[in-house]
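> Below, each chain spelled out in residue letters.
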Amino acid sequence: MKYIDEYRDKALAEKIAREIDRSSTGPLSFMEVCGGHTMAVRKFGIPSLLPDRIRLLSGPGCPVCVSSNRFIDRSVALSRRDDVIITSFGDLIRVPGSSSSLEKEKAKGADIRVVYSVLDALRVAKDNPLKRIVFLGIGFETTAPTSAAAIRKAFEQKMNNFFLLSAHKIMPPAMEALADEGVKLNGYIAPGHVSTITGTGIYKNIPEKYGLGCVISGFEPVDLLQSIYMLVKQCEENNPKVEIQYKRAVKEDGNRKALQLLQEVFVLADDWWRGLGVLKNSGLQLRETYEQFNAFTMIDVDVEETKEPKGCICGEILKGLKNPKDCKLFSAVCNPSLPVGACMVSNEGACNAWYRYNR
Amino acid sequence: MRNQLGKTISLGHGSGGKLSHELTGNLFVRYFNNEILAPQTDSAIVKVNRENLAFTTDSFVVDPLFFPGGDIGKLAVCGTVNDLAVSGAIPLFMSASFIIEEGFGMDQLETIVKSMAEESRMAGIKIVAGDTKVVDHGQCDKLFINTTGIGVIDPERIHISTGANIRYGDKIIVNGTVGDHGVAILSARESLSFESKLETDCACLNHLIADVLKKTDKIRFMRDATRGGLATVLCELAADKSFGIELDEVGIPVKEGVKGMCEIFGFDPLYMANEGKAVIVVAVEAAGDVVSLLRKDPIGKNCSVIGEIVEDHPGQVVLKTEIGGKRIVDMLAGEQLPRIC
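Protein sequence lines, in the order shown, are assigned to chains A and B.
Those letters in the first sequence? Residues 5 to 363, by our numbering.
Those letters in the second sequence? Residues 40 to 380, by our numbering.
Hints are supplied without guarantee of correctness; some may be wrong.
Pairs of lysine-lysine, DSBU-like flavour, derived with a Cα cap of 35 Å [said to hold, decoys possible]: (1) B/K280 / A/K47; (2) A/K19 / B/K46; (3) B/K335 / A/K112; (4) B/K46 / A/K6.
Per the computed footprint, the stretches of chain A lying under chain B, defined by three or more beta-carbons under 8 Å from a beta-carbon of chain B, are [as the list claims (entries may be wrong)]: (5) 12-26; (6) 313-327; (7) 335-345.
Some residues of chain B that are not near chain A, with every Cβ distance over 12 Å (derived) [stated by the list, open to error]: (8) N88; (9) H198; (10) A270.
Hints were generated in silico from the structure; no laboratory data involved.
Think of the CB as a built atom: it goes at the ideal place given N, C-alpha and C, for glycine as much as any other residue.
Just need the whole structure built from these sequences, with the hints factored in.
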């Protein structure tokens, strides 16, 4: 496949792996923040190409995984209303909440539809004028602009039956929180698609305050290996900085139009992250101008008390403190067929990736 | 047991992957319990008088009913014929039952029935029994078809459906590109505003397989890789066995368009459904002959040796990735795409 095969070149991958081996002296741990990276790392068997002294940890960048139980519980409560149609990306439907999941509600008759884009959700709203259509907005700076665009469209077209339940989040607060918590790391493989929107500026703090390098990486195996190599070099030269590996997609100042849209529609708010708790100014909520589309405030529901699944260590896994195999539930009790925690549900979840590719 | 299965049926139970297996094993096989059902092969092998018969059944609920390169009728015939053929049997007779939603178009039904007639004539199988039920509007989605199929099987070939004669070093062959059917259905779904020229690979494999079986008696195992895809068939094969499977990603044929769609939707072609692909395990000394024979047939021309049976990692399928890394391949967990066949 053109523009992909070049980045899956075996000889090149092996060459970079040899360079990594040659240039690294001590043990180093890098966190691939993004769930897409976690998946690619496992799918292509990248750890099997690296020397043992280089460890890759999975981070909090899988949107489904970091969405909190209270968000799932509210979605479940909304889905139980007869006048509501829930529209969502597929993975989220299977995430267990405190006592139910959207999948279970769907089996009981709730109208829950999987969409591939928020624009499909707008279409559902147009086709069902007598229902209230709630889109479950998850994801980081990458997907938040599409939700923002949908809200703008709904606003311009004076739609009154489309709502957003936003769990959109921004990436840097979580990366800083991990460093604050003292997670043992030597650098971040930073999400490529986030930076196509935001540019590099958002990570400025991380090398300055925490001495950790950030290499913004693409998603193909050669991209990831090159990013690891760049981080190794930074560590060996003791020169942590923000670098772009994913140059074919990321510009330093990002996508201005998308950023403007985000600014216009959303405002930063404190938000819940699974495993990390409440992080200050880490979530994106609708601005007052667009309050009429806010599912949190416009549709009344009783939400059950949040309970966290017993024994599940998703939180520690998302922080890179433990790996999925350390979890007592892994495989026997919690697996992709019967997931206990969100990290086992999502295609991009660390537990799911380990289960599928690494067991 | 109920805990293990969950409280309600979910779409994953019909995926052909892990949940389907748990449901089949922990519920159906457990209660229907008998020695013919136990090996859970594509066809049951039953002995009547002195004749060995292969006996299979299948239901078709594909959505949409018409898709690039085929329709539910063609699918029903091919699916049934292939389950018999990969067991090493010669397909002879089948039944076709129709569950139809009130209001369904007569023209569409006729098109589907004609397509079944044509496909069965080409495959050389006779549709000799059937049934029709009509349900209220909304009580089934347009049309579901159930079939059964019967064929005769040479006693020398009974081992093929279980893989009882598999040896280390045997080669694994697939008769063409994988994932075509899954992607054809995906692109035909109304909810996806995506057009592609990819057609289903839906085809009857019985003539091709008959040629292979005539050529060599070194076929060790065959199964058609339908729901759950290539990966699931190989995982089923390796499960609880004393051998492992090593796959070479570079050898697995996947159409560019299928790769592209899978990249976009986050699917893995190894798990995408096929409707005209057989996984064939053959003794190493006969592999070359089988490949050259397959290449002469239009539905085998893209065949490829994709891996081999190994002594290492018994019970597991390990894939050598295109960049030279290694990872395990597991059965499909959850549901990749519902109502694919």
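> Now tell me if each hint is right for this structure.
For each hint, the structure was consulted:
no.	hint	in the structure
1	B/K280 / A/K47	24 Å, holds
2	A/K19 / B/K46	51 Å, violated
3	B/K335 / A/K112	52 Å, violated
4	B/K46 / A/K6	46 Å, violated
5	12-26	holds (count 5)
6	313-327	violated (count 0)
7	335-345	holds (count 4)
8	N88	43 Å, holds
9	H198	30 Å, holds
10	A270	10 Å, violated
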